[in-house]
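> Please put together the full structure from these sequences, using the hints given.
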Amino acid sequence: MPIRIPDQLPATAQLEEENIFVMTEYRAMHQDIRPLRVLLLNLMPTKITTETQILRKLSNTPLQIEVELLQTISHVAKNTSQQHLETFYTSFEQVKHEHFDGLIITGAPVEKLDFEHVDYWPELCDIMEWSKTNVHCTLHICWGAQAGIFYHYGVPKYDLPEKMFGVFDHKVLKPHSPLMRGFNDTFPAPHSRHTEVHAADIEANPELELVAVSDEAGVYIAKSVDSRRFFVFGHPEYDRNTLKAEYERDVAAGLPIAMPKHYFPHDDPTQQPLSTWRSHAQLLYTNWLNYYVYQTTPYDVNQAGAE
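According to my numbering, the sequence shown is numbered sequentially starting from 1.
If you are wondering where the hints come from, they were derived from the structure by calculation, not from laboratory data. Predicted, not measured: the structure shown is a model, and the values here were computed from it. Wrong hints could be hidden among the right ones.
As the list claims (entries may be wrong) - Pairs of lysine to aspartate or glutamate residues, derived as EDC-like cross-links and limited to a Cα-Cα distance of at most 16 Å, are as follows:
(1) K57 to D215
(2) K112 to D159
(3) K174 to D226
(4) K174 to D185
(5) K171 to E116
Below, the structure written as structure tokens:
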């Protein structure tokens with residue numbers, strides 16, 4: 001949360017120069033506060049695990065957030081019970097006339113398919129189109145980021161010769177972006193994907209900007225210039241053992257899979273991996289929620305998404 005100080009205090013300019021969020025007395029007095037409405041479109045097969053991971057990040061802030069879970073109805077989930085889905089999830093048809101402060105679209109294990117060959121692609125396109133007018137700010141994750149940046153801006157994805165799998169170092173390209181407040185100059189984050197987007201394609205689009213990249217893993221964070229859409233091409237929400245579970249699953253299935261890079265101590269899969277990215281992942285979600293949702297969304301939620 002911001003610090004509140006007198007409008008004309010000399011420290012104000014210096015703190016703002018250091019990328020510290022300062023709220024003047026005038027702005028604080030004129031703020032209205034209400035719970036944030038966030039819609040989570042969960043495309044992952046292990047929905048309960050993904051719910052837990054993302055809700056953990058959303059809950060660790062001082063903000064009050066009402067989260068609604070959304071599923072696609074054009075795809076039958078095979079790894080989550082129907083009872084769970086019927087109890088806790090809603091459909092786009094049920095929420096399409098509502099407005100939300102934030103929308104999160106998760107990854108999905110379908111990146112080897114062309115977008116148009118994913119069975120729920122038309123429904124996802126309807127949701128992303130709807131988000132233009134009914135959602136204040138959207139956060140796209142991994143395949144959800146590839147799908148979103150392709151749908152909204154035409155940025156293509158490219159096949160990788162082998163899976164990008166492990167925990168990689170990244171550098172901050174926009175240190176004065178509110179999204180990067182509190183980040184170190186370099187930071188680790190997990191990746192688990194078979195495709196990628198290219199920095200050159202993003203840099204060629206004047207509506208987009210790069211925020212963080214990795215020399216080894218490529219683009220990690222991009223955003224729209226108007227701050228309505230964020231694209232995170234890794235999995236910051238992953239738990240300590242998520243990559244380990246994916247690796248052991250593929251090994252047990254006899255699939256060709258390399259050990260996740262920079263993950264197991266001494267590259268020994270019998271050792272417990274360290275969670276080196278947890279603090280940066282929390283900052284990412286907290287900064288997105290605070291600076292791009294809470295601080296800028298209209299007080300009347302029914303105006304969220306309006307230009």
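> Against the earlier hints, flag every one the structure doesn't satisfy and list their numbers going up.
Checked against the structure, the hints that fail are numbers 1 and 5, while the rest are satisfied.
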